[in-house]
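Quick mapping for you: the protein sequence lines, in order, are chains A and B. First residue of the first sequence? That's 3 in my numbering, and the numbers climb one at a time after it. First residue of the second sequence? That's 15 in my numbering, and the numbers climb one at a time after it.
Read the hints as simulated data drawn from the structure, not as lab findings. We put the CB at the ideal spot given by N, CA and C, even for glycine. Possibly wrong hints are sitting among the right ones.
[What the hints assert, rightly or not] Taking CB as the label site, the calculated pair distances span:
1. A:114 to B:67: 43 to 53 angstroms
2. B:40 to A:64: 29 to 39 angstroms
3. A:84 to B:67: 46 to 56 angstroms
4. B:25 to A:20: 36 to 46 angstroms
5. B:17 to A:102: 16 to 26 angstroms
6. A:63 to B:88: 21 to 31 angstroms
7. A:44 to B:70: 41 to 51 angstroms
8. B:71 to A:107: 20 to 30 angstroms
9. A:107 to B:117: 38 to 48 angstroms
10. A:110 to B:25: 20 to 30 angstroms
11. B:17 to A:57: 18 to 28 angstroms
12. B:23 to A:86: 42 to 52 angstroms
13. B:77 to A:46: 23 to 33 angstroms
Take a look at the letters that make up each chain.
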Amino acid sequence: DTAVSQTPKYLVTQMGNDKSIKCEQNLGHDTMYWYKQDSKKFLKIMFSYNNKELIINETVPNRFSPKSPDKAHLNLHINSLELGDSAVYFCASSPPVGNTIYFGEGSWLTVV
Amino acid sequence: DAKTTQPPSMDCAEGRAANLPCNHSTISGNEYVYWYRQIHSQGPQYIIHGLKNNETNEMASLIITEDRKSSTLILPHATLRDTAVYYCIVRLHMEYGNKLVFGAGTILRVKS
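Based on the sequences and whatever the hints tell you, model everything.
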């Protein structure tokens with residue numbers, strides 16, 4: 003009964019490949035996010051969606067394309083992977099009232 | 015958003031109270047103080063938040079000074095499982111799209 007779940011948890015892939023990370027939340031939240039945590043451990047927001055609409059895009063390269071088929075899902079597709087994309091990607095969600103954000107367990111992406 | 019300053023690391027003996035300070039001298043009147051923590055290899059976890067008054071929940075207490083320029087997170091009886099990075103974040107409450115900005119945080123090491 004995980005609240006925010008991401009798959010896969012670990013992903014190792016070669017440069018130039020295209021990969022996706024899936025995220026689902028069963029909390030009934032309207033807003034979902036993708037955060038990136040790099041090797042220096044800083045957490046930075048990438049995208050935010052509210053009811054399937056993009057509301058925050060933090061100047062992320064076009065190779066990153068989020069997709070929200072419904073408000074319970076926010077998937078992250080990455081084209082032409084680069085070495086610098088290696089990081090931990092966290093999906094998160096928050097309710098319409100109140101501003102607490104609930105994070106998933108993270109997806110460890112390694113590009114070789 | 016107001017900037018926060020936290021010590022890079024702290025140690026605490028198991029069973030004792032852990033007091034984690036945070037300075038936010040440029041906080042504005044309607045900005046909230048949030049605390050999150052990140053245990054190794056896990057997603058960030060919400061702990062507590064407050065505006066002016068001190069707050070307490072099952073995890074911790076939050077003490078905010080009268081001038082709101084600093085706050086202290088208190089874990090009353092720290093356990094080894096409380097070893098984590100603790101983030102103090104100052105944020106306006108938004109209708110949606112809560113863009114939490116994480117700093118470097120404080121590494122709390124609870125020792126037996």
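Taking the hints in turn, this is what the structure says about them:
Range check, residue 114 of chain A to residue 67 of chain B: Cβ separation about 51 angstroms, and the 43 to 53 angstroms hint holds. Hint check: residue 40 of chain B to residue 64 of chain A, Cβ distance near 35 angstroms, so the stated range 29 to 39 angstroms holds. Taken as a hint, the range 46 to 56 angstroms holds for the pair residue 84 of chain A and residue 67 of chain B, whose Cβ atoms sit roughly 47 angstroms apart. Evaluation of the 36 to 46 angstroms hint for residue 25 of chain B and residue 20 of chain A yields a pass: the beta carbon distance comes to about 45 angstroms.
For residue 17 of chain B and residue 102 of chain A, the hinted distance range of 16 to 26 angstroms is satisfied, since their beta carbons lie about 21 angstroms from each other. Between residue 63 of chain A and residue 88 of chain B the beta carbons are some 41 angstroms apart, a value that contradicts the proposed interval 21 to 31 angstroms. At about 30 angstroms, the CB distance of residue 44 of chain A to residue 70 of chain B disagrees with the hint of 41 to 51 angstroms. Hint check: residue 71 of chain B to residue 107 of chain A, Cβ distance near 22 angstroms, so the stated range 20 to 30 angstroms holds.
Our hint of 38 to 48 angstroms for residue 107 of chain A and residue 117 of chain B is violated, since their Cβ atoms are close to 22 angstroms apart. Between residue 110 of chain A and residue 25 of chain B the beta carbons are some 28 angstroms apart, a value that agrees with the proposed interval 20 to 30 angstroms. One distance hint, 18 to 28 angstroms for the beta-carbon pair residue 17 of chain B and residue 57 of chain A, holds here, with the actual separation near 24 angstroms. Checked against the hint of 42 to 52 angstroms, the C-beta distance between residue 23 of chain B and residue 86 of chain A comes to roughly 28 angstroms, which is inconsistent with it.
With their beta carbons about 29 angstroms apart, residue 77 of chain B and residue 46 of chain A fall inside the hinted range of 23 to 33 angstroms.
The structure does not agree with the numbered hints 6, 7, 9, 12 stated previously, though it agrees with the rest.
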